[in-house]
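Taking the hints into account, I'd like the entire structure generated from these sequences.
Listed below are the residues making up each chain.
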Amino acid sequence: MGASANKQSFDLPATGLRKFWLDFSESPTAVIALFVFLTILFIAIFAPWVSPSNPYDLTSVDIMNSRLPPGSEDFSGNFYILGTDGAGRDMLSAIFYGLRVSLGVGALSGLVALILGASIGLSAAYFGGRFETIMMRIVDIQLSFPSILMALIILAAFGKGVEKTIIALILVQWAYYARAARASALVEKNKEYVEAAHCLALGDRRIILSHIAPNCMAPLIVVGTLQTAHAISLEATLSFLGLGLPITEPSLGLLIGNGFEYMYSGDFWISIFPGVALLITIVSINLVGDQLRDMFNPRLQK
Amino acid sequence: MTAFILRRSLQSIVVLFIMSLIVFVGVNLVGDPVDMLINPEADQAEIDRVIRDLGLDRPVSEQYWYFVLNAFQGDLGRSFIFGEPALKLIVQRMPATMELALVSLLMAVVFGIPLGIYAGLKPTSKISKTIMAGSILGFSMPTFWVGIILIMFFSVHLGWLPSTGRGDVDTFFGVTSSVFTLDGLSHIFLPAFNLALFKLSSVIRLARAGTREVILQDYIKFARAKGLAESRVVRIHLLKNIMIPVITIIGLEFGSLIAFSTVTETVFAWPGMGKLIIDSIYNLDRPVVVAYLMIIVVIFVMLNLIVDILYSVLDPRVRIKGVS
Amino acid sequence: MDPILKINNLQTHFFTKAGILKAVDGVSFEIGAGEIVGLVGESGSGKSITGFSVMGLVDPPGKIIDGSINFKGQDLSALSNNQMQGFRGNRIAMIFQDPMMTLNPVLRIETQMIEAIQAHDGSISREDARIRSRDTLGLVGISSPDERLRAYPHQFSGGMRQRVSIAIAMLNRPDLIIADEPTTALDVTIQGQVISEMQKLCRETQTALLWITHDLAVVAGIADRVCVMYAGRIVEQGSVANIIANPMHPYTQGLMGSVPSQNRRGKPLQQINGMVPSMLNLPAGCAFQNRCNHANEKCSKIQPDITQLADRRQVRCFNVPAGQQV
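Chains as they are written, first to last, in our numbering: chain V, 2 to 303; chain Z, 312 to 635; chain G, 13 to 338.
Read the hints as simulated data drawn from the structure, not as lab findings.
Some hints here could point you the wrong way.
Derived lysine to aspartate or glutamate pairs resembling DMTMM-like cross-links, with alpha carbons at most 20 angstroms apart [to be verified]: (1) K161(V) / D529(Z); (2) K29(G) / D24(V); (3) K399(Z) / D386(Z); (4) K433(Z) / E193(G); (5) K437(Z) / E27(V); (6) K532(Z) / E122(G); (7) K532(Z) / E193(G); (8) K440(Z) / D268(V); (9) K29(G) / E262(V); (10) K433(Z) / E541(Z); (11) K440(Z) / E27(V); (12) K433(Z) / D295(V); (13) K433(Z) / D529(Z); (14) K75(G) / E541(Z); (15) K440(Z) / D291(V); (16) K532(Z) / D140(G); (17) K165(V) / D359(Z); (18) K29(G) / E196(V); (19) K532(Z) / E216(G); (20) K551(Z) / E193(G).
Chain Z is faced by these chain G residues, among others (derived, beta-carbon under 10 angstroms) [as the list claims (entries may be wrong)]: (21) F26; (22) T28; (23) F64; (24) M67; (25) P72; (26) G98; (27) A105; (28) M113; (29) Q124; (30) D147; (31) L151; (32) S177.
All residues carry an ideal CB built from backbone N, CA and C; glycine is no exception.
Now the structure itself:
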């Protein structure tokens with residue numbers, strides 16, 4: 002008889018954040034990546050305080066110190082661990098400030114694109130009909146064109162500048178969010194709890210926002226992480242090409258672009274170090290995103 | 312099958328029509344077409360003349376009609392910088408871009424599929440983990456930066472390969488390409504590898520995902536139960552099945568290779584249409600930009616069509632039923 | 013009569029993250045030449061894994077860790093994968109459960125048949141292999157086999173596809189066919205046809221058949237002998253006639269009781285209480301104790317051994333009626 006039943010002990014399932022962290026920390030790589038990313042985020046937010054100098058304060062930059070190799074010291078005893086660029090700016094400080102711009106632009110455009118795309122995707126799934134057909138056709142067509150091309154089209158039409166770059170990044174990204182939001186909302190809207198909400202005669206707005214949307218967050222977070230990494234990379238590319246951010250807002254891409262001209266003379270550090278910072282940022286976000294995707298993917302769950 | 316192709320072609324024409332409308336609206340309604348299409352340094356008389364020529368004084372619907380009519384005749388405006396028809400400029404530079412994109416695609420497929428299959432067959436092995444880590448890295452590295460690193464290492468540091476421009480060309484069977492000369496090959500290697508790297512990562516991921524899925528299917532186990540050698544199971548049974556999604560994506564990715572060649576061509580000073588468009592955006596040479604956009608749209612729509620047809624040829628389930 | 017397959021104390025375990033899963037735990041049975049043996053059990057009882065173990069097709073993390081699989085005097089479990097390839101599809105063939113999944117969707121039927129012949133006969137020409145394929149298709153009851161060879165799997169119905177799989181299994185005239193629930197996915201009417209044709213084919217060609225199924229009624233119709241599996245072990249085996257007339261293991265009795273039959277019309281069907289225990293967490297003693305009406309204290313402590321009875325009959329239970337033991 003049920004002898005074995007009482008022998009078994011049941012672990013209470015972990016809930017909420019604890020469960021999330023347990024799942025997440027299954028991959029040590031992802032934990033390291035998260036830690037690295039948080040460090041970068043900290044540096045970006047507090048760049049003016051953690052940088053050795055303000056690279057854009059003209060009084061402290063001396064053109065005489067231009068293109069000093071890493072580990073140099075200038076006549077006034079300032080130490081440049083990553084060297085200086087063509088204008089005599091400390092590379093490390095320039096990278097810290099650059100991270101600030103790159104992450105800021107990436108995060109802002111990602112957030113707006115998330116809100117815009119998710120609203121469209123959720124409404125499309127919820128209301129269906131012609132609205133859905135038309136919106137999803139637009140999404141399909143847009144997604145069949147590479148993001149770099151979309152961004153070039155937009156920048157070619159509007160010209161360059163901070164707002165324009167952000168607008169271009171939003172317009173490039175929204176379709177990914179719309180597709181992800183619609184896909185999960187289509188599944189959610191047929192579940193009982195939505196039916197129950199209908200029976201309570203709740204308004205469409207309320208059902209979408211407080212019932213369906215929270216249950217579609219998981220895939221959106223995954224898309225959001227990977228898209229933000231992509232947006233940062235795209236912004237860097239555009240700025241490198243000289244079509245993105247202006248010189249007054251030097252992002253990592255622009256720093257790399259500035260260093261490109263010195264490379265043939267062997268001054269590798271001006272291009273390489275900002276690139277390494279960019280790479281570490283993108284890789285850490287992608288690794289975190291990959292782990293989130295594996296966690297939320299029902300097909301991979303045990 | 313014929314009906315299928317016909318229907319798909321019809322759909323493509325509709326998409327082309329919509330895209331031409333979007334480009335037209337973008338040029339004529341969002342921006343000021345006078346600004347967009349006329350050299351900013353032109354005087355008033357010149358501006359009036361061009362406005363008349365372009366029919367900008369007429370109703371919008373009529374303007375669109377002329378835009379399409381001109382486009383069909385290959386007239387997409389004249390470059391401000393070169394003073395030549397924009398279309399001609401682009402067509403001149405197209406072979407260099409196509410050559411670069413094709414060589415990159417070849418590199419991505421030739422290396423990506425075997426690596427992806429290996430990683431899919433032995434997911435826990437050290438080599439597979441290295442492959443996948445490399446693919447995340449390749450996925451994350453911005454193309455332009457990889458290009459810089461390649462130049463720095465192979466051209467500046469080692470001095471093995473040239474870093475700028477296209478090499479000598481030669482003609483074989485009516486195809487003129489730089490891959491037929493040693494000098495050409497040495498020039499194309501770095502930019503092609505640069506462009507391939509990003510696609511290589513996605514081909515690896517795709518081949519791996521496909522392998523992992525197909526390998527669990529009963530027909531693979533049944534093929535083994537028939538006593539087939541493992542190499543045949545992989546080469547025929549596995550490969551044929553994963554090729555369907557891989558070909559689809561590769562076809563679509565070819566378009567994105569052309570798009571990303573804008574970056575690679577700029578880094579390596581490759582004289583293709585990608586470098587032309589970046590220079591043109593930079594110099595506000597708008598007729599060239601518009602012409603490039605129209606050409607790219609045509610290329611994309613054609614690619615989608617070809618991929619769809621290819622897909623149906625590869626998958627007997629679609630081919631024989633005729634409709635999907 | 014010398015058996016062509018003799019499995020002795022086969023142990024196939026799966027080394028999963030959650031622990032060691034003993035899918036096959038000490039299975040022993042024999043199949044004589046041309047004999048049809050039914051291997052019956054619920055899903056998860058290890059019957060399919062037993063079949064795959066014979067084929068050498070256990071996927072990781074599964075592994076044969078002990079026991080021998082003696083096929084015509086050769087221990088298959090000791091062979092390398094390359095050596096096994098020579099047996100698979102040649103001397104031992106296998107038919108799978110779901111005919112919709114076993115044929116490769118992107119290859120023509122002829123490709124899939126001819127490769128099976130050429131894999132074991134390097135000298136045969138493609139044309140000869142094609143002729144043999146065509147004839148075998150005809151043998152399993154497929155009309156206009158010449159045309160059908162050029163077709164793709166999706167152009168066949170489920171029953172037809174299963175006939176194609178059977179034809180592929182028969183191509184090299186194997187000594188043994190392992191059929192893993194080959195009729196479960198088919199319509200009932202088609203099931204009957206396929207079963208009787210399989211039986212006829214095997215009898216005519218003197219091919220031994222290991223028929224794996226969860227359906228005791230099917231086995232009763234086709235097999236000479238039956239092995240009943242529960243939780244990775246054979247709990248009872250013997251001739252079909254004996255087992256049907258006098259099931260001894262409580263599990264077999266339960267299975268028999270749950271088969272609808274004309275003799276007990278109007279009476280409610282019996283059912284076996286409870287659930288199959290988790291294979292990762294088997295109780296000490298008899299695996300069936302939780303669901304058994306006769307279980308006593310001994311059953312919860314000691315694993316019952318095999319009791320040999322007359323007529324090559326075996327039962328793994330403490331409660332075998334006295335006087336029947338040899």
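Hints and how they fare:
1. K161(V) / D529(Z): violated, 55 angstroms
2. K29(G) / D24(V): Holds: K29(G) and D24(V) sit about 15 angstroms apart, inside 20 angstroms.
3. K399(Z) / D386(Z): Holds: K399(Z) and D386(Z) sit about 9 angstroms apart, inside 20 angstroms.
4. K433(Z) / E193(G): violated, 30 angstroms
5. K437(Z) / E27(V): holds, 19 angstroms
6. K532(Z) / E122(G): holds, 18 angstroms
7. K532(Z) / E193(G): holds, 15 angstroms
8. K440(Z) / D268(V): Measuring from Cα to Cα gives roughly 34 angstroms; hence the hint is violated.
9. K29(G) / E262(V): violated, 54 angstroms
10. K433(Z) / E541(Z): Within the cut-off at roughly 14 angstroms; holds.
11. K440(Z) / E27(V): The given pair, whose Cα atoms are some 16 angstroms apart, holds under the 20 angstroms limit.
12. K433(Z) / D295(V): Holds, at about 19 angstroms.
13. K433(Z) / D529(Z): holds, 18 angstroms
14. K75(G) / E541(Z): Holds, because 19 angstroms separates the two Cα atoms, which is no more than 20 angstroms.
15. K440(Z) / D291(V): holds, 14 angstroms
16. K532(Z) / D140(G): Since the Cα atoms of K532(Z) and D140(G) sit roughly 26 angstroms apart, the hinted pair is violated (cutoff 20 angstroms).
17. K165(V) / D359(Z): Cα-Cα ~31 angstroms, so violated.
18. K29(G) / E196(V): violated, 39 angstroms
19. K532(Z) / E216(G): violated, 28 angstroms
20. K551(Z) / E193(G): violated, 28 angstroms
21. F26: Nearest chain Z Cβ about 15 angstroms off; hint violated.
22. T28: Interface hint status for T28(G): violated (14 angstroms vs cutoff 10 angstroms).
23. F64: This hint holds: F64(G) lies near chain Z, its Cβ roughly 8 angstroms from the closest one there, short of 10 angstroms.
24. M67: Status holds, d = 6 angstroms.
25. P72: Cβ of P72(G) sits 9 angstroms from chain Z, so the hint holds.
26. G98: Holds, because the Cβ-Cβ distance from G98(G) to chain Z comes to roughly 7 angstroms (cut-off 10 angstroms).
27. A105: holds, 7 angstroms
28. M113: holds, 4 angstroms
29. Q124: This hint holds: Q124(G) lies near chain Z, its Cβ roughly 8 angstroms from the closest one there, short of 10 angstroms.
30. D147: violated, 18 angstroms
31. L151: violated, 17 angstroms
32. S177: Since the shortest Cβ distance to chain Z is 7 angstroms, the answer is holds.
In this structure, the earlier hints numbered 1, 4, 8, 9, 16, 17, 18, 19, 20, 21, 22, 30, 31 are contradicted, and the remaining ones agree with it.
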